Amino acid sequence: MTEPLLRAKMLTKHFVTPRTAQTVKAVNGVSFDMFAGKTVGMVGESGSGKSTVGRMVVRLLKPTQGSVAFRGQDISLLPDRAVRRLRVDLQMVFQDPWSALNPRMRVKRIIQEPLLLHSKLSSSERSDRAEEIARSVHLNTDLLTRFPGELSGGQLQRVCIARAIATNPALIVLDEPTSSLDLSVRAGILDLLQELRENTGAAMLFISHDLGTVRLVSDHILVLYLGHIIESGPMNKVFDEPAHPYTQTLLSAHLPADPHADLHRHLLDGEIPSPIDMPPGCPFSTRCPLVREDCRTALPPMVDIDDGAQRAACIRIPEGTNQVNC
Amino acid sequence: MAEFFTVTQSLTNSMFRKVFSKVIGISRRSPTSVIGFVIIFIFGFLALLAPLLMPYDPVSSDPNKILNGPSLEHWFGTDGNGMDVFSRVIYGSRYGFGIAIPTVIVSLFLGVPLGLYAGYKGGNIDEAIMRVVDAFRVFPSIILALAVVAATGPSLLNVVLVIGVLDAPIFVRVVRAEVLALRSSSFIESGIIVGNPTWRILFVHLLPNAIQGATAQTAVRAAWAVRISATLAFLGIGIQPPTPEWGAMIRQGAEFMINGQWWVGIFPGVALIFMVLGFNMFGDGLQDLLDPKRRSGAK
Numbered sequence: 001m002t003e004p005l006l007r008a009k010m011l012t013k014h015f016v017t018p019r020t021a022q023t024v025k026a027v028n029g030v031s032f033d034m035f036a037g038k039t040v041g042m043v044g045e046s047g048s049g050k051s052t053v054g055r056m057v058v059r060l061l062k063p064t065q066g067s068v069a070f071r072g073q074d075i076s077l078l079p080d081r082a083v084r085r086l087r088v089d090l091q092m093v094f095q096d097p098w099s100a101l102n103p104r105m106r107v108k109r110i111i112q113e114p115l116l117l118h119s120k121l122s123s124s125e126r127s128d129r130a131e132e133i134a135r136s137v138h139l140n141t142d143l144l145t146r147f148p149g150e151l152s153g154g155q156l157q158r159v160c161i162a163r164a165i166a167t168n169p170a171l172i173v174l175d176e177p178t179s180s181l182d183l184s185v186r187a188g189i190l191d192l193l194q195e196l197r198e199n200t201g202a203a204m205l206f207i208s209h210d211l212g213t214v215r216l217v218s219d220h221i222l223v224l225y226l227g228h229i230i231e232s233g234p235m236n237k238v239f240d241e242p243a244h245p246y247t248q249t250l251l252s253a254h255l256p257a258d259p260h261a262d263l264h265r266h267l268l269d270g271e272i273p274s275p276i277d278m279p280p281g282c283p284f285s286t287r288c289p290l291v292r293e294d295c296r297t298a299l300p301p302m303v304d305i306d307d308g309a310q311r312a313a314c315i316r317i318p319e320g321t322n323q324v325n326c
Numbered sequence: 001m002a003e004f005f006t007v008t009q010s011l012t013n014s015m016f017r018k019v020f021s022k023v024i025g026i027s028r029r030s031p032t033s034v035i036g037f038v039i040i041f042i043f044g045f046l047a048l049l050a051p052l053l054m055p056y057d058p059v060s061s062d063p064n065k066i067l068n069g070p071s072l073e074h075w076f077g078t079d080g081n082g083m084d085v086f087s088r089v090i091y092g093s094r095y096g097f098g099i100a101i102p103t104v105i106v107s108l109f110l111g112v113p114l115g116l117y118a119g120y121k122g123g124n125i126d127e128a129i130m131r132v133v134d135a136f137r138v139f140p141s142i143i144l145a146l147a148v149v150a151a152t153g154p155s156l157l158n159v160v161l162v163i164g165v166l167d168a169p170i171f172v173r174v175v176r177a178e179v180l181a182l183r184s185s186s187f188i189e190s191g192i193i194v195g196n197p198t199w200r201i202l203f204v205h206l207l208p209n210a211i212q213g214a215t216a217q218t219a220v221r222a223a224w225a226v227r228i229s230a231t232l233a234f235l236g237i238g239i240q241p242p243t244p245e246w247g248a249m250i251r252q253g254a255e256f257m258i259n260g261q262w263w264v265g266i267f268p269g270v271a272l273i274f275m276v277l278g279f280n281m282f283g284d285g286l287q288d289l290l291d292p293k294r295r296s297g298a299k
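These protein sequences, in sequence, are chains A and B.
Quick note: the first sequence uses this note's numbering, first residue 1, plus one each step.
Quick note: the second sequence uses this note's numbering, first residue 1, plus one each step.
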């Protein structure tokens, strides 16, 4: 087995609320590996800690506990100055392209900035490279002299992606890159991400709450619930045979493309619990249709399914009684 | 060739029209700022062309013409040293600008970086900076200025530095408030992700987006600088007579006022009022124009 490019180990992030001094347990012991050229899709409801994990992976946030090893080096403890040099290889694309670009900078300068900071290219070489990158994200080069305010959402997100790939990074975190875009534009961005995935060989962490888009771009799936990974596995296996009751209900809530398909939906009651006031035992126990007494006592461990490529955290799995009747 | 001309002509025409319509728009929105601008423009004209406009040397005294009233020869009369008040009032506008502009520059250079840094870093650093700023603000600035200028000596440079430092807290506050509003937008996070060092985040990414409030304040602060420097001179601590500075002239004039020789103090006083008024009116318009929080009322 090849060495992972990035290994997140027991990542934990707790925030303390400013006034009431309560502890928000955003992320609780998340571990996963990322490999070059592979895309990991991370799904979960809002409030499940997806974005926090993404920000810890690229060290925008320091984890409360746990480590992020990038090429074997723990970056969670590095000083900011050292992390800055690693930015060549660690990039991120944000959810809202309207606020992710400096409104007072022309598009060309935005795309060139990583090159200015990390390479010794002359200004004309940078300019050529910026045009090249713009073309590779299918951005009209006429737009390079514009300000972000003059571009559409889809164009802005292309600029964000162009900036992220400018230095040929080894790893890119995409934090819901399509969820604020119109459907028609979204498809174009997804096509572009597919292309990049094939051409750049970068490892990608694709964060989304939309199962359809995750399915399109991912090799491996992580399902997050209240800051815990409750299921992980190869994309096809997780989508075809979801093991955890939460994954099953999540998938059943996803609308198929065919409007005449039989819907076996199992809708969950209530909302995701507050990460301030975590339920004891299994985090999903407050909403699980299969809940029983011993679910509420201890956190269920991840157990292997079949050959161990797929894993899930439910105590019913060894007994084979983990299927929600839809 | 003819074609070229028509093209450039229509180009300049449209540009002129654009500028012109903008000026009309501004003057309609805030006529006071236009009046203020005109006043400042006139003073600027006086200051620049002072040597051409002054009928006499402002600091040469004529012992035969002490305290003469306004006449055709000396429009504003002469002062206790026999110097021409009209020439001195005109020359005084140079001191007005010479204090106002460098003072605001000192305040900007101090206040803007501190405001950017405090707002961006937050937490304890922000607390520390803001407490120092508050400490400056709770002191009556005139007393503090008096004390410092008295201790360091009454040179023009000292007056500028002291007033500039005392006024920096305003800019710290204005800039910090804008940075706080911007800090959560993800272009700052993007700046970090791309690998910007802190100074670049502050000056390349935050500064251009957070400077409007401070720019809008500059003219009003210039008015304040003119006023407080004149106050210092009037109290005998700032610039010293016979320098033709308005505050110092008013102080001189005050001595003669009770004898009925009003012209020595009144004319520099009126000039001072107009310059402060001009800066303030211009500043008000500038704030309406640049400060997004105040823009809502005027469409």
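Worth flagging that the hints you see were computed from the coordinates, not collected in a lab.
From a predicted model like this one, the values you see are computed outputs, not experimental measurements.
A couple of the hints might just be wrong.
[As the list claims (entries may be wrong)] Residues of chain A placed beyond 10 Å of chain B at every Cβ, according to the derived structure:
#1 113
#2 122
#3 125
#4 126
#5 138
#6 142
#7 241
[What the hints assert, rightly or not] Here are the in silico distance ranges between beta carbons for each label pair:
#8 A/212 to B/181: 48 to 56 Å
#9 A/184 to B/138: 52 to 60 Å
#10 B/127 to A/45: 35 to 43 Å
#11 A/16 to B/180: 13 to 21 Å
#12 B/208 to A/138: 26 to 34 Å
#13 A/45 to B/18: 48 to 56 Å
#14 B/231 to A/149: 21 to 29 Å
Just so you know, even glycine gets a beta-carbon here, dropped at the ideal spot from N, CA and C.
Hint check results:
1. 113: 5 Å, violated
2. 122: 19 Å, holds
3. 125: 18 Å, holds
4. 126: 14 Å, holds
5. 138: Residue 138 of chain A is indeed farther than 10 Å from all Cβ atoms of chain B, at 21 Å.
6. 142: Its Cβ never comes within 10 Å of chain B, the nearest being 21 Å, so this holds.
7. 241: Fine: 37 Å to the nearest Cβ keeps residue 241 of chain A off the interface.
8. A/212 to B/181: 48 to 56 Å: At 35 Å between Cβs, range violated.
9. A/184 to B/138: 52 to 60 Å: Holds - the Cβ-Cβ distance for residue 184 of chain A and residue 138 of chain B, about 58 Å, lies within 52 to 60 Å.
10. B/127 to A/45: 35 to 43 Å: Distance hint for residue 127 of chain B, residue 45 of chain A holds at roughly 36 Å.
11. A/16 to B/180: 13 to 21 Å: 20 Å, holds
12. B/208 to A/138: 26 to 34 Å: 29 Å, holds
13. A/45 to B/18: 48 to 56 Å: Roughly 51 Å apart at Cβ, these two residues keep to the hinted range, so it holds.
14. B/231 to A/149: 21 to 29 Å: Violated: the Cβ-Cβ distance is about 45 Å, outside 21 to 29 Å.
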